[in-house]
Structure formats: C-alpha cells, structure tokens
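Generate coordinates for the entire structure from the input sequences, incorporating the hints supplied.
FYI, the numbering for the sequence shown is 13 to 515, going by our numbering.
Don't take each hint at face value.
Derived pair list, reagent style BS3-like, types lysine-lysine, alpha-carbon separation capped at 25 Å [unchecked claim]:
(1) Lys-508 to Lys-465
(2) Lys-508 to Lys-415
(3) Lys-508 to Lys-496
(4) Lys-490 to Lys-415
(5) Lys-382 to Lys-104
(6) Lys-415 to Lys-337
(7) Lys-500 to Lys-416
(8) Lys-459 to Lys-508
(9) Lys-104 to Lys-416
(10) Lys-487 to Lys-463
(11) Lys-482 to Lys-463
(12) Lys-104 to Lys-388
(13) Lys-508 to Lys-184
(14) Lys-459 to Lys-415
(15) Lys-416 to Lys-490
(16) Lys-125 to Lys-184
(17) Lys-377 to Lys-415
(18) Lys-358 to Lys-416
(19) Lys-391 to Lys-415
(20) Lys-382 to Lys-416
Taking CB as the label site, the calculated pair distances span [as the list claims (entries may be wrong)]:
(21) Glu-361 to His-258: 49 to 57 Å
(22) Glu-119 to Lys-415: 32 to 40 Å
(23) Gly-334 to Ala-167: 35 to 43 Å
(24) Gly-42 to Leu-285: 25 to 33 Å
The set of hints was computed from the structure by calculation and includes no laboratory data.
A virtual CB, placed ideally from N, CA and C, is assigned to each residue, including glycine.
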Amino acid sequence: MNLYQNLVRTTERDPDATALYFGHETITYGELLSRVNRLANALRELGIGEDSKVALLLRNVPEFVISYYATLALGAVVVSLCYMCLAEEVEKIVCDSMVETLITNFEFNDMVKELQGSMCSQINRIIVSEAPELEGVIQYEKLLESGSDSLEGVARSEDDVAALLYAPTSSKVVRGCMLTHGNLEWNARTTARLCKMTSDDVVMGVLPFFAAYGQSCVMNASIYAGSSIVLHESFIPGEVLKSLQHEQVTVFMGVPTMYVYILNHPLIYQYDLSSVRLWTCGGAPFPREVMERWNNELGARIYEGYGLTEAAPLVSMQPLEGTYKIGSIGLPPEDVEVKVVDEEGKELERGEVGELIVRGPNVMKGYYNKPEETEKVLKDGWLYTGDMVYMDTDGYLFIVGRKKDLIIRGGFNIYPREIEEVLVSHPLISEAAVVGVPNKYLGEEVKAYVKLKPGSNLTEEQVLEYCEEKLPYYKTPKFVVFVKSFKKDPAGQILKDLIEEEG
13 MNLYQNLVRT TERDPDATAL YFGHETITYG ELLSRVNRLA NALRELGIGE DSKVALLLRN
73 VPEFVISYYA TLALGAVVVS LCYMCLAEEV EKIVCDSMVE TLITNFEFND MVKELQGSMC
133 SQINRIIVSE APELEGVIQY EKLLESGSDS LEGVARSEDD VAALLYAPTS SKVVRGCMLT
193 HGNLEWNART TARLCKMTSD DVVMGVLPFF AAYGQSCVMN ASIYAGSSIV LHESFIPGEV
253 LKSLQHEQVT VFMGVPTMYV YILNHPLIYQ YDLSSVRLWT CGGAPFPREV MERWNNELGA
313 RIYEGYGLTE AAPLVSMQPL EGTYKIGSIG LPPEDVEVKV VDEEGKELER GEVGELIVRG
373 PNVMKGYYNK PEETEKVLKD GWLYTGDMVY MDTDGYLFIV GRKKDLIIRG GFNIYPREIE
433 EVLVSHPLIS EAAVVGVPNK YLGEEVKAYV KLKPGSNLTE EQVLEYCEEK LPYYKTPKFV
493 VFVKSFKKDP AGQILKDLIE EEG
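If you want it as structure tokens, here you go:
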C-alpha cells in the first residue's frame, strides 16, 4: 500500500481529466502524475528514499501537491509546516521531526534563513521554487526538468508512516502525529464516500493543505475520487466567491470563520452559488446562530463534521441522507467505534456528557518520539480526544466543549461553548472566548473575551445584561474584556492560552 497509488489509479482512469485549477493554469491528472514522477526521480538522485523526512513549507499551490505525492512515492515521510506560523514555531517542528530536506517557495526566504541558523536543525537540502540562483539552494524548477516521468512507487505497508502532522497547540511542546498510509488512504476513501465525491465534482481547495482537514479531506479525497481541485493560496472572501461561480465549484469544505466572512460579504448575493451541492464544516465549533443564518438566508444546509489531527482527521459527519440535526457533528462511519466515557473510562448513558474516545483505522500510530505523550491519549487502541460530548438516542454526537476548558464554579460544571454561543448571538459581537479564572471562594469565575463587529460599540455592562437574560446566573460571566483580535490555530480555533497576551 502507498497513498501515491491513488494518484496513479485515478490517472489511469482518465489522464485528460482536470486535476488542478490554479489561477489561469489548468493541470490534468496526466500532467500532475508526470510532474510527480519527475520530481520523485530527481529527489531520489539527491539521496532521498524510504523513511527520509521531507518538509513542505508551501501554500496551496501545485508545488505542494506535486512534492507531497513525490515524497510518498519514494516511501519517504511528508512533514507539513505551517506557513502561517512564526519562524520560532516552525523551528520547533523542524527540530522535533529531525527533517533533512525542505521544499519551499522563495517568498519564505526570510523564514528559511532563520531555520538555517537554528542550532537544532538537521536540514541539509533546501529546494526552492521561483527562486534566483542562490548558494546552497536547489532550484525546484531545474529538479523538475531533470527527472524522468517513469516511476514505480515504493511499496509500503499500511502501518508505515506517510506523514507527520503537528497537532495545533498553544503549549511549548509540539506533537507530531504519525499518520500511516493506512490512516490516510482510509480517510481519503471514506471522505469521498460520505461526501459522494466523483470525477464530476469540482472541490474548493482553500483550507490549508499543511493541516489535516485540508490535506486529507480536500486534497487526498479529491485525488482518490478523481475530482478537480480549485487551489487558493489564502482565504480572501471576494476571490473565493468569484471562484465558486466561475469554476462551478460543487463541494466546499471550510471552517466556521470562512462561513462567517462569506455570509457577511457585502456582494454575496451578486454571485451564483447554485453549483455547490455540498457545504461542509469542521475544524472548530460552529456557532448555531451562523448556521441558522446560512440555512435561512442562502437556503442551503451546512453539513458539520468532527475530526482531529490524531484521527487523520475524520471521526464523524452529518449524513447527507437521513435525519439532519442542526448543531450535531453527526455519526461516525461504520468502521469507526466511538464511546462517551467518564473520568474512569466507564461508558456513559445516552444524553450524558463525557469525553469522546475513538477507535478505528483512522487513529494515528502515535506521537513521533514521544511515548509518554502517546500513552496519555492512546489506551488499548482507544484515542482519548479531550473533547466533551453527548450522544443522543439516535447516536448523533453533540460537542459540549474541551475537557481542559471546563470551568468549575462553586461546584457547578460550566462548558464555555454554551456561553460563547450566547455571546456571538448578539448582533454586535463577531467572536468570543470564555475561560475560567481563579476565585478563592468559588474555585473559578467566568471571564469572557469579546471581539466586536467593525464600527460597533458595547460596554461591559451591556454584554453582562445580555448574558443575564439568556443564561442561568452561575453561568453568566463576571468579567468581560474587549479584544481587537484572537490568535488562532490553522483550523480557526481560538488559542485560549494566548488570549491574555492580546487582551
């Protein structure tokens, strides 16, 4: 088994089908496979082979897709780097993964220089696209020209590591999830099946490919199904709306923030979005108010799903057929087991809130070089997600919040998400994050951080009054702090540990 074979099989079915749209460029599956094979052969000449680690510091550009599959074809391991992160954050991943080769674009030259100066970096090959001739740098385009387009991919087992993806974290410790060829092939196949993806589909590729959601559910699933991918280097709402109409996109996968920006775009109703048959969302909790607005104003359903990097990432999704339950993250696929358990690991009754644990072909092999961290989350094959959920009588899952975010105030358990939902339902509030702060009498008190919509004005008293009308007294925030922005992970989740620095 090698994930690269999905690309080979799709190309054999129809080499002239469009694989990638990028600006004014169109790349067929035949052309894509040819470029992948040429790069793989050139990388092999440089000494890259089985279990070598190749880091990709690239946006959603053709070079990412080509480099990704060329690396896999050689039996090497892809290490995805977050181009949105600070150099010091990328450096931690480079050092932790012990990566030897870096493929990047010249726009990241300043970051690359910092990585080169790192004492712990083991990078000895730097391949740069769109770069002038520089000492110590290999030009990507010359490599592509030098390789043969004939290649037989290296055979891998389903348990062999294909990619190291680093789970979003606000802590100082980085954790590389070892995702195997089996994990990623399962995710590509299952996503394509659940989303009914075919070679007739055109899929929006705006989710960053360095993260699990974009990499697995968009890129790999599309290639498995033979769908076309419309690449966007970054999320610019107006450009995405134009692209949805112009390229007749049929599948859009996004995070809540994207839906908020699209919904609030002043020209949204000037675009014809009728080609889109499926809107999906994951990566972060979806505010119910936004979901209802989208359904009512655009007349389309958003199918919410749930996943995490450690599960490659798919765990559950609202079914396209059958009962649709707004606010639910849906049902797990047939071959994935889920349980809701208490602190002792005992399975809870339907409707009771507990931690979601997962077992199946999607679960990672472990954290790279971190056996103790792995033991904390993998127990008897079960992945402990850290997410608090409940399951209704039909088996649908509903997220309540993160286990670590639980606030205990005077003996009452408070899940921040409920309060955050109330806050963002206010017409002048765009985003909110709720945390617990120490209180010597109650244990913890509730504190809310609020970001207002542009041009809006609210006082702390007005926010508190609004909450008092909609929440029990013990859940009402004691403190409200207004912020200009929130630091987020690539999936759009607010990094609560870092709010104080921005407040």
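For this session: Starting from the hint list further up, note which numbers the structure goes against and sort them upward.
Result: Hints that this structure does not satisfy do not exist here, as all of them hold.
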